[in-house]
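All chains should be modelled from the sequences, with the hints used to inform the complete structure.
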Amino acid sequence: MSKPSTYLDHSATTATDPRVLEAMLPYFGERYGNPSSLYQAGATVRQALDEARRRIAEVLGARPKEIFFTSCGTESDNMAIRGAVWAQRDARNHIITSQVEHHAVSHTCKQLEEVFGCEVTYLPVDREGLVDPDAVGRAITERTALISIMYANNEVGTVEPINKIAKIARQHQIPFHTDAVQAPGLLPLNVDTLGVDLMAISGHKFYAPKGVGVLYVRTGTKLVPTQTGGGQERGMRAGTENTALIIGLARALELAESARPAEVLRLTALRDDLIQGVLNSIPDAVLTGSTTERLASHTSFLFNGVEGEGVVLKLDMAGIAASSGSACSSGDEGPSPVLAALGYTYPLSRGSLRLSLGRENTPEDVEHVLRELPPIIASLRALSPYYNSDGTVALSAPAW
Amino acid sequence: MYSPVLLDHFTNPRNIGTLDNPDGYARVTSPGCGDQMELFLRVTDERISDIRYRAFGCAAAIASSSMASEMIKGRTLEEASRLTGEEVSEELGGLPEAKFHCAIMAASAINAALRDYCTKHPTVPFCTSF
Ligand code: FES
Chain A
1 MSKPSTYLDH SATTATDPRV LEAMLPYFGE RYGNPSSLYQ AGATVRQALD EARRRIAEVL
61 GARPKEIFFT SCGTESDNMA IRGAVWAQRD ARNHIITSQV EHHAVSHTCK QLEEVFGCEV
121 TYLPVDREGL VDPDAVGRAI TERTALISIM YANNEVGTVE PINKIAKIAR QHQIPFHTDA
181 VQAPGLLPLN VDTLGVDLMA ISGHKFYAPK GVGVLYVRTG TKLVPTQTGG GQERGMRAGT
241 ENTALIIGLA RALELAESAR PAEVLRLTAL RDDLIQGVLN SIPDAVLTGS TTERLASHTS
301 FLFNGVEGEG VVLKLDMAGI AASSGSACSS GDEGPSPVLA ALGYTYPLSR GSLRLSLGRE
361 NTPEDVEHVL RELPPIIASL RALSPYYNSD GTVALSAPAW
Chain B
1 MYSPVLLDHF TNPRNIGTLD NPDGYARVTS PGCGDQMELF LRVTDERISD IRYRAFGCAA
61 AIASSSMASE MIKGRTLEEA SRLTGEEVSE ELGGLPEAKF HCAIMAASAI NAALRDYCTK
121 HPTVPFCTSF
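In order, the protein sequence lines correspond to chains A and B.
Counted from 1, the first sequence has number 125 at position 125 by our numbering; the numbering is strictly sequential.
Counted from 1, the second sequence has number 100 at position 100 by our numbering; the numbering is strictly sequential.
Check the hints yourself; a few may be wrong.
Restraint-style ranges between C-beta atoms, simulated for each label pair [claimed, not checked]: (1) Pro-4(B) / Pro-375(A): 18 to 24 Å; (2) Gln-276(A) / Thr-18(B): 33 to 39 Å; (3) Pro-96(B) / Asp-272(A): 50 to 56 Å; (4) Ala-259(A) / Met-1(B): 33 to 39 Å; (5) Arg-234(A) / Glu-97(B): 41 to 47 Å; (6) Gly-29(A) / Thr-11(B): 58 to 64 Å; (7) Thr-11(B) / His-172(A): 54 to 60 Å; (8) Asp-272(A) / Glu-86(B): 46 to 52 Å; (9) Pro-96(B) / His-103(A): 35 to 41 Å; (10) Thr-362(A) / Thr-11(B): 55 to 61 Å; (11) Asp-273(A) / Pro-96(B): 33 to 39 Å; (12) Leu-279(A) / Pro-31(B): 33 to 39 Å; (13) Thr-13(A) / Thr-128(B): 57 to 63 Å; (14) Thr-11(B) / Leu-25(A): 50 to 56 Å.
To give an idea of the interface, some chain A residues facing chain B are shown, with a C-beta separation under 10 Å as derived from the structure [said to hold, decoys possible]: (15) Phe-116; (16) Pro-133; (17) Ala-259; (18) Val-264; (19) Leu-265; (20) Glu-307; (21) Gly-308; (22) Val-312; (23) Lys-314; (24) Met-317; (25) Gly-319; (26) Ser-384; (27) Tyr-386.
Everything labelled a hint here was simulated from the structure, so no lab data went into it.
For glycine and all other residues, C-beta sits at the position ideal for the given N, C-alpha and C.
The structure is reproduced here in structure tokens:
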């Protein structure tokens, strides 16, 4: 597989920053000691691990002992949700979450519902994908054990009002978890300002390697460990620490946070050019998500009459890497639950495209997309029984 | 995930479009994903003399429609009616299992369009036994 000339799938993953790689390399080589060992080789690595934890805590405005290392964002979400609910299993068993969560959250809640008899409220969102904080307040009962609402949505880029939701959770003394996997480098991460009790992040979304994540756990938030064994991470997450990747994550988070103010401005300008360009050059293009409460890096569209996989394949042939929420991997996967929650129905919801910007993108990349995408959509519409060249609907189909 | 043959049919679909007053017409929906294909047949002397279609579906669906149209163009109604999703998939270099239903959609569109033809032409020899 050759490297695409224009990579626009940063919400999926990012390339490891060379500075991050450099920070990690010694820990694949001479610094191989087990941080739990007593002799010097272990102690050196233990120190580096402590230092990584301290630096991450500093970025999050947290204490080092509130930082737990995991294998990815999904594990962090699992550890937070299952751990917090299990910790209250006799007293409270109700979870409040939203209809637009990542599968790491929604499938975990589903399992708690189906296997452990929990009750889950999946709050609806508005057309822009926003959760209404008042609705969170109204959903709270005496049995509510956890509220979990994502910080920013991976599919439509909507930034949720999590500090308002956190305030409501705090008033009711209910732990509040947020899946913040899309946030680092793009949104403020200070846990006190946000008011979160649990927060999941994942290294490979901000130029660290895949296979490492963090869960922030506010002191006093009770969790039952979901991975048991040899007592690492103060008993909260057993398993020998993935030293090299943790050190990489710490470096990447510092870099992302220090670049954030300038990078957000730069990306927002690119993003808005891309959005305007697509909406102006492609008839009936729809921007999904919010125009104002939106990740600086994120664009997502719907094109009626076409199916997303074809668009992604044709963009790939033109050297542009992008993704579609509609990727029909299992063959009978229904339409995207996120788009459905925003009120977009089949077949329009089949024509989704996400272009997510990142550090290496330039205005030329935006031009590249604006050159290639309009003819691709036109060519696929020409094949489509749903779309006539005059823009009218050719076959009866659910309304878009 | 996809073979070069499939990607070629997806990028340059053969026989794309519609026919006015087709002799046989069908529009089918794939039950799993809800995707759709419509098919237009022109029949001359019990042969498929022309075939056109439009497809709304994944790349495999578009390529399957294209490949199936090539496979039955010029064939007798009898031959066309025997085309299966397996054969279409095979010609495309083998579809991944999750995409097999996309080839089935193309084969069933042909079958449905032949049914439509036979409803209109019940006395044609092929149709008496179809
Ligand atoms: S036709 Fe629906 S996924 Fe292929």
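Here's how the hints hold up against the structure:
1. Under the hint 18 to 24 Å, the C-beta atoms of Pro-4(B) and Pro-375(A), about 22 Å apart, fit the expected range.
2. A hinted range of 33 to 39 Å holds for the C-beta pair Gln-276(A) and Thr-18(B), which are about 34 Å apart.
3. Separation of Pro-96(B) from Asp-272(A) is about 38 Å and departs from the stated range, judged on CB atoms against 50 to 56 Å.
4. A hinted range of 33 to 39 Å for the beta carbons of Ala-259(A) and Met-1(B) is consistent with their spacing of about 35 Å.
5. The given range of 41 to 47 Å is respected by Arg-234(A) and Glu-97(B), whose C-beta atoms sit roughly 45 Å from each other.
6. Remark: the range hint 58 to 64 Å for Gly-29(A) to Thr-11(B) is contradicted by a beta-carbon distance near 46 Å.
7. Between Thr-11(B) and His-172(A) the Cβ separation comes to about 56 Å, which falls inside the hinted range of 54 to 60 Å.
8. Restraint check, Asp-272(A) to Glu-86(B): a C-beta distance of roughly 49 Å satisfies the suggested window 46 to 52 Å.
9. Distance hint for Pro-96(B) and His-103(A): a CB-CB separation of about 21 Å, inconsistent with the stated range 35 to 41 Å.
10. Our hint of 55 to 61 Å for Thr-362(A) and Thr-11(B) is violated, since their Cβ atoms are close to 28 Å apart.
11. As the Cβ distance of Asp-273(A) to Pro-96(B) is approximately 37 Å, the hint placing it in 33 to 39 Å holds.
12. Taking the beta carbon of each, Leu-279(A) and Pro-31(B) are about 35 Å apart, inside 33 to 39 Å as hinted.
13. Evaluation of the 57 to 63 Å hint for Thr-13(A) and Thr-128(B) yields a pass: the beta carbon distance comes to about 60 Å.
14. Separation of Thr-11(B) from Leu-25(A) is about 42 Å and departs from the stated range, judged on CB atoms against 50 to 56 Å.
15. The criterion of a C-beta within 10 Å of any C-beta in chain B is not met by Phe-116(A), whose closest approach is roughly 31 Å, and the hint is violated.
16. Here the hint on Pro-133(A) is broken, as its CB sits about 35 Å from the closest CB of chain B, past 10 Å.
17. A cut of 10 Å between beta carbons decides the hint on Ala-259(A): the least distance to chain B is about 35 Å, and the hint is violated.
18. Taking 10 Å as the C-beta cut-off, the interface hint given for Val-264(A) is violated, the closest approach to chain B being about 35 Å.
19. About 38 Å separates the beta-carbon of Leu-265(A) from the nearest beta-carbon of chain B, more than 10 Å, and the hint is not met.
20. Taking 10 Å as the C-beta cut-off, the interface hint given for Glu-307(A) holds, the closest approach to chain B being about 6 Å.
21. Look at Gly-308(A): its Cβ gets to within about 9 Å of chain B, closer than 10 Å, so that hint holds up.
22. Residue-level restraint check for Val-312(A) holds (minimum Cβ-Cβ distance to chain B is 9 Å; threshold 10 Å).
23. Below 10 Å, beta-carbon pairs count as interface contacts, and Lys-314(A) has one with chain B at about 7 Å; its hint therefore holds.
24. The beta carbon of Met-317(A) comes within 7 Å of a beta carbon in chain B, closer than 10 Å, and the hint placing it at the interface holds.
25. Annotation: Gly-319(A) was flagged as interfacial toward chain B, and the flag is violated, the nearest CB pair being 15 Å apart, outside 10 Å.
26. Because the beta carbon of Ser-384(A) sits about 5 Å from the nearest beta carbon in chain B, less than 10 Å, this interface hint is met.
27. Nearest Cβ of chain B to the Cβ of Tyr-386(A): about 5 Å, under the 10 Å cut. The hint holds.
Checked against the numbered hints listed earlier, the structure breaks hints 3, 6, 9, 10, 14, 15, 16, 17, 18, 19 and 25; every other hint is satisfied.
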